[in-house]
Amino acid sequence: MYKQFLTARSPLRLLEKGLHGGLGRGNLGLVVAGRGVGKTPVLVGFALDELLREGRVLHISFDQSVAHVRDYYNTVFSDLAHSVHLEDAARIHADIDRQRGIRAYPGMPFSTGKLREAVKLEGETCAQPTLLVIEGIQMNGDLREELADLKALAQELSAEVWLSAANSGEHVGGIPSDVAPVKDFLSVILALEPASDCVRLRALKDHENPDVTSLHVALDPRTLLLTRN
Amino acid sequence: MLQDLSRLRNIGISAHIDSGKTTLTERILFYTQRIHKIREVKGKDEQGATMDYMELEKERGITITSAATYCEWNKHHINIIDTPGHVDFTIEVERSLRVLDGAILVLCGVAGVQSQSLTVDRQMRRYKVPRLAFVNKLDRSGANPFRVSEQLRDKLGHNAVMMQIPIGLEAQHAGVIDLIRMQAYAFDGDNGENVRAYEMPAELRHDAEAAREKMLDAVSMFSDDLTEAILEGVVTEELIYDAVRRGTLSLDLTPVFMGSAYKNKGVQPLLDAVTRYLPSPLDITNSAVDLSNNEAPITLSADPQKPLVALAFKLEDGRYGQLTYLRVYQGTLAKGSSIANSRTKRRHKVGRLVRMHADQMEEIQDSGAGDIVAMFGIDCASGDTFTDESIQVSMTSMHVPEPVISLAIKPVDSKSEINMSKALARFTREDPTFRAGADPESGETVISGMGELHLDIYIERMKREYGAEVRSGAPQVAYRETISQRAEYNYTHKKQSGGAGQYGRVAGYVEPLSDGEDFEFVNEIRGGAIPSEFIPSVEKGVRTAIEKGKLIGFPVIGVRFVLNDGQAHSVDSSDIAFQIAGRQAFRQACAHARPIVLEPVMKLAVESPTEFHGAVLKSVMQRRGNVIGTTEEAGFCRVEAEVPLAEMFGYATDLRSSTQGKAEFTMEFARYLPAPSEVQKTLVEKYAGRVKGEEE
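For the protein sequence lines, the chains are H and B, in the order given. If you read the first sequence in my numbering, its first letter stands for residue -7, the second for the next number, and so on. If you read the second sequence in my numbering, its first letter stands for residue 19, the second for the next number, and so on.
Hints in this document: simulated from the structure, not taken from any laboratory. All figures in this text were calculated on a predicted structure; none of them were measured in a lab. Ideal Cβ placement from N, Cα and C applies to all residues, glycine included. Any given hint might turn out to be false.
Pairs of lysine-lysine, BS3-like flavour, derived with a Cα cap of 25 Å [said to hold, decoys possible]: (1) K143/H - K175/H; (2) K680/B - K112/H; (3) K106/H - K636/B; (4) K699/B - K568/B; (5) K568/B - K704/B; (6) K699/B - K566/B; (7) K112/H - K636/B; (8) K558/B - K512/B; (9) K175/H - K9/H; (10) K353/B - K367/B; (11) K428/B - K704/B; (12) K680/B - K106/H.
Which chain H residues stay away from chain B? Per the calculated CB distances, all over 12 Å, these [to be verified]: (13) A0; (14) G10; (15) G166; (16) P186.
With the hints as extra help, turn the sequences into a complete structure.
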């Protein structure tokens, strides 16, 4: 299969349809789930889709090492390339490596100021990212200022920003309680729900749309690939 | 010979350069009374540390070769191999780890887990070496053993457990608190030789209790008895020691110790830990391959009564001839006995047998299983196995990486020419990653190795140790060629005019192999289209052709050559006719299989203060590097990247100037990747020009 077909037939097109056009440039999205349910492979799936469409990704982790994040990309890409018999996979893999930056800030608190520095450096040495993936943040009301600044950064860059957070389990009005205080800054909130043979993606918030439709997209826990459900 | 093997420890001391491992070794030798005066690194007293005994090492302040030494502590015999810290010399580290039973991983208390620590740790994991961590330099500004311990967990994936906490840090560093005995230790005397136990300071009690609880929690995973004792409130020191030892031996636990070797603090408790937690040869299972039984694996037993099996892991040309460092795995090696080299099948008589202490030695009569000794006057190569001839076994081969860089060298005069040959003969025997040979076209001597510094060191050693002055050319990168698509071939070699004729036709296809495979010859001839006696001739011809590709004259890799048809002539077909047909067919097929040039790509890790992050990134990007990622922590950042080796010459100098000398880097071979088309074009044109010049 050729790269263009792969992206055109990606389950993420279905996700975009379910989300009335997707996350959209300049917006923040959040993936919430319990530990070990699959937040990282979902975010890596989003990032690979962007990379395959010639975008640039900056992946920032506050709790994982560079090697760990890179291993995820390598594994998910290899499985994806293998599953669709991707033409010229080695070259595409090399291109993807060049279009993606990884930053790790182990043990450091989340700071949009740090992110701005990283993005600036990325712009000076390569190109501005079109997608930011941010992992390892503990969501709570204290982050309101940082998230407001992050939203401003997303708009300045005209980039999509996907974040992930561990799910506390309690919900307030359909939203996890620790996410609720910052939900205004998030355009899309997706929950990962383990089912018998897959992990389903369910929208908890879809911009301002009151009718949150079913997304029909899931994560296959065996291959860590996003699939149509 | 050592009688009680349970009291023997073969340990290595591995770390990042400048973490202070040579200083630590020096202190260990002092406290175990092997030396009576402490000398420092870099020859402050014009002598240099005992373990840094090569002249060049003393001058550069780094340890290049692994010097062996031994000492006694708590009625235990400890063999120590000091290992080099720079990645260009990792074959030395790997060789050492192969023969060791345990190791101390020295970490700088300020810089923590650095790039070389990652490499060394990966090597230790490969050889399943249990280790203790020693967080050194706690007297330095910015030292933080808690952070380093966390880094051991996060960066190296160790189940690191602090067995001590510091009493004061930086200038206030005064000693350590042992979390098992819950006692404070100070190191008195001019050289810290008097260990004084005293009641821990009240202000540290709370921290110590919290750290002990954490330690017990982690350690109890390895002992049900300890878990029960904790629940019943009857924990004994012995129960904890036993649990820590179990966890360490299974590689599931890394006990963390700390101090400052330079300020003589924390070394004696570390020695106690070596005897207490690291394995004896009896705790380790070593295996070899049985050469008389189709290389079937066999388990060796550390029994001095069994047939001898010993591994030569290091060679040195000293004042008294070749010195061979050996690890005895099974049986007994005795002076005057007869031994056989499993590789060459040659027999040798053991002349002098010595125990090494850096460059000094002690004569011994025999050496039993588990021990590390050296013998004189035996001609062998590094990695050879010796037996007493009653069995034919070989220790499993060590992983030896292929060289990635070459340099043409030319002696300046005839005296240097003779000495250069002697030096090269010795170096290539000592170091399997260093190769020397003659370029068949230019006739020049070409040396190859693992990096620029690796070759630089050998050129300097030639000059210093052998008086051989050489002029070196520009470094040459070890490119490769490969194909990128399947292509068919059908080649007939025919010479039937005058004299004996030649005839051979071969047909089939070539296709790319998956990553990491070199070459595969597949015979799919059915029905005798080519008589079976000529199939090896075709393969021989193809193997000749892959040594030199058509594009730039470098070896061709990653190709499957499938032979599925052909024709022979009853009179004119011969071995040579099919060799030529195979060779030409391969060249014909490759030309249609979109041949490409592969270049060696190095894994680069650069560490610098965060303010130089941008400068480091630019230095990588300017060299066609691909930045994999950046880690920022405690004011430092580590940039990991993959960079073509061809772009890395002179990098050390450039990096120094762009970061005010505050960045350091390590580099090792990662993989071969297709060279960009413009690079390939330049290389192809250059090669074509050279070939044309030679033809004219």
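Do the hints match the structure? See the list:
{"no.": "1", "hint": "K143/H - K175/H", "verdict": "12 Å, holds"}
{"no.": "2", "hint": "K680/B - K112/H", "verdict": "23 Å, holds"}
{"no.": "3", "hint": "K106/H - K636/B", "verdict": "19 Å, holds"}
{"no.": "4", "hint": "K699/B - K568/B", "verdict": "13 Å, holds"}
{"no.": "5", "hint": "K568/B - K704/B", "verdict": "13 Å, holds"}
{"no.": "6", "hint": "K699/B - K566/B", "verdict": "18 Å, holds"}
{"no.": "7", "hint": "K112/H - K636/B", "verdict": "13 Å, holds"}
{"no.": "8", "hint": "K558/B - K512/B", "verdict": "18 Å, holds"}
{"no.": "9", "hint": "K175/H - K9/H", "verdict": "22 Å, holds"}
{"no.": "10", "hint": "K353/B - K367/B", "verdict": "8 Å, holds"}
{"no.": "11", "hint": "K428/B - K704/B", "verdict": "22 Å, holds"}
{"no.": "12", "hint": "K680/B - K106/H", "verdict": "22 Å, holds"}
{"no.": "13", "hint": "A0", "verdict": "25 Å, holds"}
{"no.": "14", "hint": "G10", "verdict": "32 Å, holds"}
{"no.": "15", "hint": "G166", "verdict": "35 Å, holds"}
{"no.": "16", "hint": "P186", "verdict": "26 Å, holds"}
Violated hints are absent here; each numbered hint is respected by the structure.
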